[in-house]
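J.: In case you want the letters, here they are:
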Amino acid sequence: MADVTIKINNVEYQVPEGSTILEAARMANIHIPTLCFLKDINEIGACRMCVVEVKGAKGLVTSCVYPVADGMEVFTHTKRVIDSRVKNLQLLLSTHNRECLSCVRSGSCELQSLCRLYDIREDSIYDGEKPKYELDGSAVHLVRDNNKCILCRRCVAVCEKNQGVGVIGPNERGFATNIGSAFNMKLADTSCVCCGQCIAVCPTGALAEKDNTIEVFTAIEDPTKHVIVQVAPSVRAGLGEEFGMPIGVGVEGQMINALRALGFDKVFDTNFSADLTIMEEANEFIQRVQNGGKLPLITSCSPGWIKYCEHYHPDMIPHLSSCKSPQQMFGAIAKSYYAEKAGIDPKDIVMVSIMPCTAKKFEIGRDDQAANGVPDVDYALTTRELARMIKRANIDFLKLPKEGVFDDPLGKSTGAGVIFGATGGVMEAALRTAVEKLTGKELENVEFTEIRGTDGIKEATYNVAGMDVNICVCSGTANANKVLNMVKSGEKNYHFIEVMCCPGGCVNGGGQPKQPAEVRNFVDIKALRAKALYDLDKERPIRKSHENPDIIALYDDFLGEPGSHKAHALLHTSYITRPMYNDPKSHPVKK
Amino acid sequence: MKAAQNIVPFSNDPAKEERLQGIIDKYKEEKGALIPVLQQAQDIYGYLPIEVQMAVAKGLDVPLEKIYGVVTFYSFFNLYPKGNYQISVCLGTACYVKGSRKVLDCLQETLNIEPGQCTTDRSFSLDTCRCIGACGLAPVMLINDDVYGRVLPAEVPEIIAKYQ
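Sequences listed follow chains A and B, in order. Residue 138 is where the first sequence starts when you use our numbering, and the numbers rise one by one after that. Residue 14 is where the second sequence starts when you use our numbering, and the numbers rise one by one after that.
Among the clues, some could well be false.
With a cut-off of at most 30 angstroms between alpha-carbon atoms, the simulated DSS-like pairs for lysine-lysine come out as follows [stated by the list, open to error]:
hint	chain 1	residue 1	chain 2	residue 2
1	A	Lys298	B	Lys44
2	A	Lys619	B	Lys44
3	A	Lys431	B	Lys71
4	B	Lys71	A	Lys298
5	B	Lys79	A	Lys625
6	A	Lys144	A	Lys269
7	B	Lys29	A	Lys176
8	A	Lys323	B	Lys175
9	A	Lys625	B	Lys41
10	B	Lys39	A	Lys323
11	B	Lys111	A	Lys267
12	B	Lys39	A	Lys619
13	A	Lys619	B	Lys71
14	A	Lys629	B	Lys29
15	A	Lys323	B	Lys111
16	B	Lys79	A	Lys269
17	A	Lys629	B	Lys39
18	B	Lys79	A	Lys347
19	B	Lys115	A	Lys269
20	A	Lys629	B	Lys71
21	A	Lys298	B	Lys41
22	B	Lys95	A	Lys176
23	A	Lys619	B	Lys79
24	B	Lys39	A	Lys298
25	B	Lys115	A	Lys629
26	B	Lys71	A	Lys625
27	A	Lys625	B	Lys111
28	A	Lys619	B	Lys41
29	B	Lys29	B	Lys41
30	B	Lys44	A	Lys625
It should be emphasised that the hints constitute simulated quantities derived from the structure, not laboratory data.
Use the sequences and the hints to build the structure in full.
T.: This is how it looks when you write it as structure tokens:
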């Protein structure tokens, strides 16, 4: 696109035609503050934090949506601009619950940091009537506190546009406007998929996961409990951000050492059970291909996706792999195989998982996820909760050794397990195993690069043992919806589909460290974090799940074959059709 | 936001359902279909209960929340049916200073409904309105076409009783 010449604060710049003032200023290293703006999905110019002066324009303009024009003169920090931003912040504060001391977002809140930036000293000058909202803690994974909501609608945008779910939105109007569900239903009564993307984009403390850190600290202190922890692949790609490290720096070693320092009895790796998942899922795929089973087979690692499918496409349930997710497989094996080996009663084991995900909190309570008569997993914590634990335990994370080794026997993993966290990773891992099993030959190149990258929908066809296998990989449930509709209409004929609930896969999960919109809008976080995982994969001496010696031993000593009776009892699960809304009876008053 | 104490049971009939489906089919492919469909759905049913909103959500493939957001945004749309007797209390300036708020409170108590709602037997619905141009009679309320001026809160039960 052609360039236009504009002046920002009297300095001339050439910027691409069609950019917004916000983008143009960014190129000039001026970071105009925003609150409501989320690139591509929430460009509504509503919060008016990004206002700037444009010579000749009638009033202040919202730079996030205002396109540049040749000869335009922009002023980004005049007194008029700053006064306006200050007033906007003070107005937002007039109905805001300002109890920052007890707020989960204190220190990382975008509203708070803007108030400091603009030196807001009088935070109550516009105080008047304050709406009082009840907290919605109905869902297992999050709490909504509308007393801290600034109505930016970022949560609404991700829910509707990225996830195709749309169970939250603005209700009522004017002063009564509030973000909630239809007919003021509790979130738990809607078809919310628990992905937590709304939490990830909330600028304030209005949305937060349900915190289980105290329960885990308590379990660790209990001498009668054997507390073991498993960590999902993506956690090591994100955790460093919580300690001020750049995005995309892998911190596997520091993470292992921090978990040991926290006092977990054993530190295991979900990558191990990711390898196990591949063994079962590749086997399931081969069985379905060879025995005329339901195709396409669709992956089942992502509990948000599973819940989405159960609400929105229950007719596709027979296509879902019956494999439990790696988190749940891990718990089932820990409380059987490991318990037996270690001579510990499964009832005395507390299985904690660290996940980039909030839907994992929902998954642990699902039916058919307690293979040993006790829940497979007891607590599912997000990456953010782990960071909170590390900080609360006063551990100097940045100084921990970079070398660290997981405990045996559930700690060894392959490169295939590591890449589970990136969109396309599960498929690639499954192909590494399925192709070798089907052809009986060793793969020359284990990297299936066609299905890498952060595109929402990716396709590839591989010729395996004489059969063209059509693959689809998608992430973000809005994309999953598109793919399923194409499958149903017959437009596409896939054999194997990987679906991840969150855009970009687990590295961008709803439980990952929060990055402010200022970063989100200009940096591809998911690509950077995914790279950390692909780098780890490259470093691993073994890169195929079926070559993991501990997995081989697990089958030899305990499970028998993939898909065996025992494997089915422990590692597979079932799904149910879920209604879109639970019995909606209460009709609220409209003001 | 309080939940209604009384929920008027929804009665569907196949003819209405068919008409609604016809409207949905007509607008389905159009951009900006939601508001005309809701307007016409309200013409059919008189209000937009959850059952109707769900049918529109399904028909237009729009999340129910989006529809509810629109319905609660525009005062034109009703979540509750209108009663045989539609009561309207003026909250315009003159009526307000003459105590129409207390009249409204008394109506709410007598009928056990909130403004915007309808009694379960569908006999009374309660709304507020702005100036009806009868300031000299403030506070004023309307029951269908009957105008009541200089209403005292204490008179409310008696007035209602006339219609029961």
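J.: Next, verify each hint and record whether it holds.
T.: Comparing the hints with the structure gives:
Only pairs whose Cα atoms come within 30 angstroms are accepted, and Lys298 (chain A) paired with Lys44 (chain B) is accepted, the gap being roughly 17 angstroms. With a C-alpha separation of about 19 angstroms, the suggested pairing of Lys619 (chain A) with Lys44 (chain B) holds against the 30 angstroms cut-off. Distance check on the hinted pair: Lys431 (chain A) and Lys71 (chain B) sit about 28 angstroms apart at the alpha-carbon level, within 30 angstroms; holds. Proposed proximity of Lys71 (chain B) and Lys298 (chain A) is supported: the alpha carbons are some 18 angstroms apart, at most 30 angstroms.
Annotation: proposed proximity of Lys79 (chain B) to Lys625 (chain A) holds, straight-line Cα distance about 26 angstroms (limit 30 angstroms). A threshold of 30 angstroms between alpha carbons decides the hint, and for Lys144 (chain A) with Lys269 (chain A) the separation of about 46 angstroms lies outside it, so the pair is violated. Distance restraint check for Lys29 (chain B) and Lys176 (chain A): the Cα-Cα separation of roughly 43 angstroms exceeds the 30 angstroms cut-off, and the hinted pair is therefore not satisfied. For the proposed pair Lys323 (chain A) and Lys175 (chain B), the alpha carbon gap of about 41 angstroms is over 30 angstroms, so the pair is violated.
At roughly 20 angstroms between alpha-carbon atoms, Lys625 (chain A) and Lys41 (chain B) fall within 30 angstroms of each other, so this suggested pair holds. A C-alpha spacing of about 33 angstroms is found between Lys39 (chain B) and Lys323 (chain A), which places the hinted pair above 30 angstroms, so the restraint is violated. The straight-line distance between the Cα atoms of Lys111 (chain B) and Lys267 (chain A) is roughly 27 angstroms, inside the 30 angstroms bound, and the hint therefore holds. Our distance criterion of 30 angstroms between C-alpha atoms is met by Lys39 (chain B) and Lys619 (chain A), whose separation comes to about 24 angstroms.
Between Lys619 (chain A) and Lys71 (chain B) the CA atoms are separated by roughly 17 angstroms; this keeps the pair inside 30 angstroms, and the hint holds. For the hint pairing Lys629 (chain A) with Lys29 (chain B), the CA-to-CA distance comes to about 38 angstroms; that exceeds 30 angstroms, so the pair is violated. With a CA separation close to 40 angstroms, the supplied pair Lys323 (chain A) and Lys111 (chain B) exceeds the 30 angstroms bound. A distance of roughly 23 angstroms separates the Cα atoms of Lys79 (chain B) and Lys269 (chain A); the hinted pair therefore holds under the 30 angstroms criterion.
Note on Lys629 (chain A) and Lys39 (chain B): the hinted pairing holds, with a Cα-Cα distance of about 29 angstroms set against a maximum of 30 angstroms. With a CA separation close to 26 angstroms, the supplied pair Lys79 (chain B) and Lys347 (chain A) stays within the 30 angstroms bound. Taking the CA atoms of Lys115 (chain B) and Lys269 (chain A), the gap is about 24 angstroms. The hint holds against a cut of 30 angstroms. Under the criterion of a C-alpha separation no larger than 30 angstroms, the hint pairing Lys629 (chain A) with Lys71 (chain B) is consistent with the structure, at around 24 angstroms.
Proximity of Lys298 (chain A) to Lys41 (chain B) is assessed by CA-CA distance (about 20 angstroms); at most 30 angstroms being required, the pair is judged to hold. For a cut-off of 30 angstroms, the pair hint linking Lys95 (chain B) to Lys176 (chain A) is broken: about 44 angstroms separates their Cα positions. For the proposed pair Lys619 (chain A) and Lys79 (chain B), the alpha carbon gap of about 20 angstroms is at most 30 angstroms, so the pair holds. For the suggested pair Lys39 (chain B) and Lys298 (chain A), the alpha carbons sit about 25 angstroms apart, so the restraint of at most 30 angstroms is met.
For the suggested pair Lys115 (chain B) and Lys629 (chain A), the alpha carbons sit about 65 angstroms apart, so the restraint of at most 30 angstroms is broken. A threshold of 30 angstroms between alpha carbons decides the hint, and for Lys71 (chain B) with Lys625 (chain A) the separation of about 18 angstroms falls inside it, so the pair holds. Of the pairs offered as hints, the one joining Lys625 (chain A) and Lys111 (chain B) is violated, with about 65 angstroms between alpha carbons and a cut-off of 30 angstroms exceeded. Taking the CA atoms of Lys619 (chain A) and Lys41 (chain B), the gap is near 18 angstroms; set against the 30 angstroms cutoff, the hint holds.
With a C-alpha separation of about 18 angstroms, the suggested pairing of Lys29 (chain B) with Lys41 (chain B) holds against the 30 angstroms cut-off. For the proposed pair Lys44 (chain B) and Lys625 (chain A), the alpha carbon gap of about 24 angstroms is at most 30 angstroms, so the pair holds.
When held up to the earlier numbered hints, the structure conflicts with 6, 7, 8, 10, 14, 15, 22, 25 and 27 and fits the remainder.
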